[in-house]
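Asker: Here the protein sequences come in this chain order: A and B. So the number in the working numbering is just where the residue sits in the first sequence, counting from 1, plus 393. Counting along the second sequence from 1, when you hit position 74 you're at 71 in the working numbering, and nothing is skipped either side.
Hints in this document: simulated from the structure, not taken from any laboratory. Using N, Cα and C, we set each Cβ at its ideal position, and we do this for glycine too. Take every hint as true, because none was put in to throw you off.
List of simulated lysine-lysine pairs, BS3-like, C-alpha gap at most 27 Å: (1) A:K499 x B:K96; (2) B:K118 x A:K581; (3) A:K581 x B:K15; (4) A:K597 x B:K30; (5) A:K499 x B:K66; (6) A:K590 x B:K118; (7) A:K526 x B:K66; (8) A:K557 x A:K609; (9) A:K529 x B:K66; (10) A:K598 x B:K30; (11) A:K590 x B:K15.
Sample of chain B residues lacking proximity to chain A, with all beta carbon distances greater than 10 Å (derived): (12) I22; (13) Y41; (14) A48; (15) S78; (16) L100; (17) D114.
Ranges of calculated distance between the beta carbons of each label pair, as one might list FRET restraints: (18) B:P12 x A:N457: 41 to 49 Å; (19) B:E95 x A:E623: 27 to 35 Å; (20) B:E95 x A:P512: 29 to 37 Å; (21) A:E541 x B:P108: 33 to 41 Å; (22) B:L120 x A:G560: 49 to 57 Å.
Residues per chain, in single letters:
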Amino acid sequence: MSDAYLRFWGVRGSYSAPFESHLGVGGNTSCVEVRVDDQIVICDAGTGIIPLGNELMAQSKIRNLLVILTHYHWDHICGLPFFVPAFVPDWNIDFFGPGQCDDEIKEHVSAQMQAPYFPVGTETWLANVNYLKPTKNQEIAQGPISFEYHNVHHPGTTYGYRIKAMGKSILYISDNECSYLGKSIDRKSDELTEEEKQLYEEMKKEEHLAEIEMVKDADILIHDAQYTPEDYEKKRGWGHSCYIDTVNIAIEAGVKELYLYHHDPNYDDDAMEKIHQHSLSIIEEKNSSLKCFIAREGLIVDLS
Amino acid sequence: MTGNSPTIVVVDDSPTVKALFERGIIDCQIELKVFRSADNAWTYLEAISPALLFLNIKMPGKDGLTFLKELRHLPLHKETSVVMISSKDYAQDRSVAEKLGALEFITKPMPIQVITDVIHKYLQPTKTT
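With the hints as extra help, turn the sequences into a complete structure.
Answerer: Next comes the structure, spelled out in structure tokens:
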């Protein structure tokens, strides 16, 4: 029997929210651990990777880690300067993320640990650190865990990951602005001719089909759901989704379990509960079998 | 179409973009080549520098900005005229595109006339009669 699970170590987007009113959901930024026996893949390295690193230091069995980064915005890498295993010689840590080559990935991972922003650089990491090269087919395997990566709608090159473990398909898409083009087309409709409107209706369908295809039949979808509709209107174009769009896409794509993720740090536990309840009501109205959860720090999802 | 017509290359996974460009160049003597991905365009672009290269950003496979960075490493494409054409209307993408020497950043949805105007701005295509 395999010991296989995923665990949320950080669920916030943008910046950490260590406020009493938020701690039911959690205050650390993006980090999810996927574990199958002794193999661990860590999705993103926000502040959530710090307590994960501390827990790993308390055991002696596991020494190999793979950290996959969706992109290099601070909330996804700011835990690395405090990730203790990186500073200890007997650890082997591989990194992967957006970049043309392994050197570019190294450059991006290292950039935040430089004067005057941080007192020591990644040259002080004593672990055996490697940066994985991008592959032609965009697939990488690490023991019993493999993953594919694809581009998502967020500023800069940003990846979403489809992770395969224990026969399950786990989609980790921390930052993605759903249906952005379709909404832009609707907003600019008055500026378009009839011929253009017809063509852009086709383009909307293309975007929608691509979004569905990206998450289709996922057993577990961990997806950006940062904003309420009201906040989305104010922050459209910031690269994040309204939770309603996330829920609707998950329903249409036949996802089994959805974990709303990358929570806005301004939302306390009560606000998150309202988002959850509304999401459940959307699912009920649509007679969908989708199971929907709020990603909470410490939540463990069994993969066996 | 004449053998002297300038060639425009479009790299975009959307079939609709192809239709928009076909409509946008209808009155110009332009040779249009459309590729659905960076990988599909690579063999052609290794050998030929088009008069104008339009690149989408978010595509399956390699994204347009990463692709442009690779192209700029080729001596053939150090000076190739490039226009980004994307739904990703983000400052970060605009900034990266500018650093890579893109001439313009067009956001979707754009009227067909925008395509025509950009082509006329950077090329002087002969009008068909």
